[in-house]
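Engineer: Sequence:
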Amino acid sequence: MAVIEASGLRREFRAPFRSNTVIAVDGLDLRIEPGRVFGLLGPNGSGKTTTILMTLGLLKPTSGTVRVLGHPAGHREARRRTGFLPEETRLYEFLSGEETLDFVGRLFGLPRAVRRKRAHELLEKTNMWEARNRKLATYSKGMARRIGLAQSLIASPDLLILDEPTSGLDPVGNRGVKDLLREIAAEGTTVLTTSHILGDVADVCDEILIVHRGRPILSGNVADLLADAERLAWESDSVSTEARERIAEAFRAEGAELYGVRPPATTLESLFLDALTRDKESHPDAGGA
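For the sequence shown, position 116 (counting from the first letter as 1) is numbered 116 according to the numbering used here, and the numbering increases by one without interruption.
No wet-lab data here; the hints were simulated from the structure. Only true hints are included.
Here are the simulated BS3-like cross-link-like pairs (lysine-lysine), alpha carbons at most 30 Å apart as the crow flies:
| id | residue 1 | residue 2 |
| --- | --- | --- |
| 1 | K117 | K135 |
| 2 | K125 | K135 |
| 3 | K141 | K125 |
| 4 | K178 | K141 |
| 5 | K117 | K178 |
| 6 | K141 | K117 |
| 7 | K125 | K178 |
| 8 | K178 | K135 |
| 9 | K60 | K280 |
Simulated restraints on C-beta separations:
| id | residue 1 | residue 2 | range |
| --- | --- | --- | --- |
| 10 | Y92 | G45 | 27 to 35 Å |
| 11 | W129 | D29 | 39 to 47 Å |
| 12 | S156 | L58 | 18 to 26 Å |
| 13 | L95 | L58 | 18 to 26 Å |
| 14 | E33 | P72 | 16 to 24 Å |
| 15 | R76 | M1 | 16 to 24 Å |
| 16 | A229 | F103 | 45 to 53 Å |
| 17 | R80 | E33 | 15 to 23 Å |
| 18 | R112 | S7 | 35 to 43 Å |
Cβ coordinates follow ideal geometry from the N, Cα and C atoms, glycine included.
Whole structure, please, built from the sequences with the hints as guidance.
Structural biologist: Structural data, given as structure tokens:
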């Protein structure tokens, strides 16, 4: 069973002071399997956050359906098993980091011993242990972001939805968050994330969907999408420029070792920008948010 399954998803908004509507999401189909890290990519206004809000049941689609963990979006059981980190972290600044995690754990009905154990685990994993007793009012943006991630994980969710999870993080915090996402995915949690930092997406995501002006324009396995099947890269510590059919013999003659032959990869950034350019050229008059 897919963790998230959307079919024909569409969301329209009435434009302020105008009689027409704005299409934020237009005909989105989405299927995310268990244990995958899935990246939802697109420029500002492309419908990413709208899609997340419909998946959470916080916004009703104009048409189409979304099912989460086998239930309609917004179902109580689906919400209970879902962790969420919004793009803007809003927390109670008079609480400490550890108190914040305990408070959220109580909202989920976790026993005190479980709350304490989970809080300590997550404070360590997010590199916030030393700041656990400080009030959130004293936290930097990156520290608040890491506590926000920790609170989204406090109830050991089956699905984790993250909107720009590495926003505001320094390189160390960024790397820690990416490592944590891969760790929880390996443990069976499914992750849906958005990000403007395409290198981060390439590092952690198994699959991606690029949306533009509300419409899906490219999707698939990250490794497959980044591979350039038109060329082969030969890796060696010393190579000549012999023809392909003779290059292995040339390596041996020069005493070099042939480490492997594989398709070279482009970058996710290039793939992303090329996809948007092609879409603009194909649909020059298209609207969308």
